[in-house]
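Asks: The residues making up each chain are set out below.
Number of protein chains: 2
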Amino acid sequence: MIVYGRNPVREAIRGPREVSAVWATEHAAREPWLAGVPVRSASPVELERLAGSPDHQGVCAEVSEYAYSDADELLEPEDAVVAALDQVQDPRNLGAICRVAECAGASGVVIGERRAAQVTPAVCRASAGAVEHLRVARVRNLADWLATAKRSDAWVYGAAVAPEAVRYDAPDYSGRVVIVFGAEGRGLRPRVASTCDQLVSIPLRGRIESLNVSAAAAVLMYEILHSSRRVDKGT
Amino acid sequence: MIVYGRNPVREAIRGPREVSAVWATEHAAREPWLAGVPVRSASPVELERLAGSPDHQGVCAEVSEYAYSDADELLEPEDAVVAALDQVQDPRNLGAICRVAECAGASGVVIGERRAAQVTPAVCRASAGAVEHLRVARVRNLADWLATAKRSDAWVYGAAVAPEAVRYDAPDYSGRVVIVFGAEGRGLRPRVASTCDQLVSIPLRGRIESLNVSAAAAVLMYEILHSSRRVDKGT
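Line by line, the protein sequences give chains A and B. Using this note's numbering, the letters of the first sequence correspond one by one to residues 1 to 235. Using this note's numbering, the letters of the second sequence correspond one by one to residues 236 to 470.
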């Protein structure tokens with residue numbers, strides 16, 4: 001797999017993947033984080049061909065395939081917080097959610113195998129390389145996995161605009177938590193929503209109808225991981 | 236100005252701008268929110284030429300120029316919360332911040348006149364049309380305007396990763412608040428940072444170095460506008 005862009009290549013070098021080659025323009029090759037890394041010289045046109053995208057910022061790298069994690073292992077810590085995505089298909093949204101999950105200190109992100117964005121180079125780019133340090137797991141059927149998670153003592157929350165939802169800052173988010181986000185426009189599928197223990201909603205005080213899913217993920221993951229309630233409990 | 240995309244055109248129709256023409260593909264013209272709107276038929280190729288972007292989702296509209304607000308007026312309410320952007324140049328980030336500001340219930344967004352993204356059609360698109368209902372003001376010099384805001388009794392916070400910053404959920408955000416965000420990668424310029432009453436930081440618990448500026452804006456604006464502390468005070 002060819003990853004491209006400054007942050008994605010830098011984090012791939014720092015992370016667990018094998019990096020077999022790095023190409024850069026003369027200018028980009030002088031970045032301090034590339035010191036000591038064998039770099040092959042390439043023109044912007046060659047980089048665009050290698051990366052399959054003009055969005056390479058002068059550098060790309062050949063790396064081993066992305067190693068997905070096991071979804072159940074993400075829930076092992078007693079205070080695990082996992083974001084689960086229900087058919088989020090936009091690579092930019094998946095990348096942005098992974099970046100926020102990594103920054104907030106989530107245990108990982110769970111995605112479906114089908115009708116969902118996977119960890120492609122565009123997602124690496126949109127995540128600013130966060131996927132190199134974050135565990136991402138794939139499951140065959142998200143609702144089935146959520147049911148398993150509940151049996152493992154996780155409390156499953158779904159982000160939704162729904163009459164039965166409580167305000168996002170009302171729950172006591174202690175212990176193992178899974179928070180599920182739906183695709184923009186469509187929200188959670190009914191079976192996924194009905195598997196959740198509790199739906200939570202973020203107040204919308206303006207006239208437009210929804211937050212972007214990655215903005216919602218930022219608000220909720222920081223609420224869950226950094227709310228004083230959780231901190232007070234020493235987790 | 237030609238705005239394009241479903242949400243941007245829909246919100247332009249609902250908002251205060253004059254809409255002088257709407258073009259849509261046959262398929263898009265059947266969207267329920269276009270019922271009763273005179274629509275000219277256009278092919279995807281014609282729409283791309285009109286919009287200057289392939290990202291038109293089958294619909295675009297000619298609208299009057301964007302009407303910027305007066306920055307000082309944004310601070311009139313006693314509980315005003317204003318986001319100020321220090322040289323944010325990426326239209327997608329400006330759009331995403333405007334969307335979050337509109338959803339969270341901010342009084343408006345202040346941007347600089349120079350070296351900063353303005354409210355272009357790409358920003359309308361990235362904001363999902365939120366700019367039609369949100370007040371956006373331009374100022375000649377951001378640090379000067381922040382100094383004025385302080386004289387108007389606003390407390391000015393700057394989002395920054397800095398040793399002197401306090402945790403984002405520590406301040407009592409009552410009263411008039413301005414929260415300043417810097418450009419991704421560069422952060423706040425020194426004179427802007429030194430004009431702030433207080434720097435606040437969002438904890439980063441992973442290995443990557445920063446949140447996207449729109450994710451930081453989501454976390455901070457919801458903390459400021461919806462934290463129980465502010466609600467407790469009845470503002």
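Since the hints were derived computationally from the structure, they do not count as laboratory data. One or more of the hints may lead you astray.
[To be verified] These stretches of chain B come out as covered by chain A in the derived footprint (C-beta under 8 Å, 3 or more residues):
hint, stretch
1, 326-335
2, 364-374
3, 446-458
No residue lacks a Cβ here, since even glycine has one placed at the ideal position from N, Cα and C.
Asks: If a hint holds in the structure, say so; if it doesn't, say that too.
Replies: Outcome of the hint check:
no. : hint    : verdict
1   : 326-335 : holds (count 3)
2   : 364-374 : holds (count 4)
3   : 446-458 : holds (count 9)
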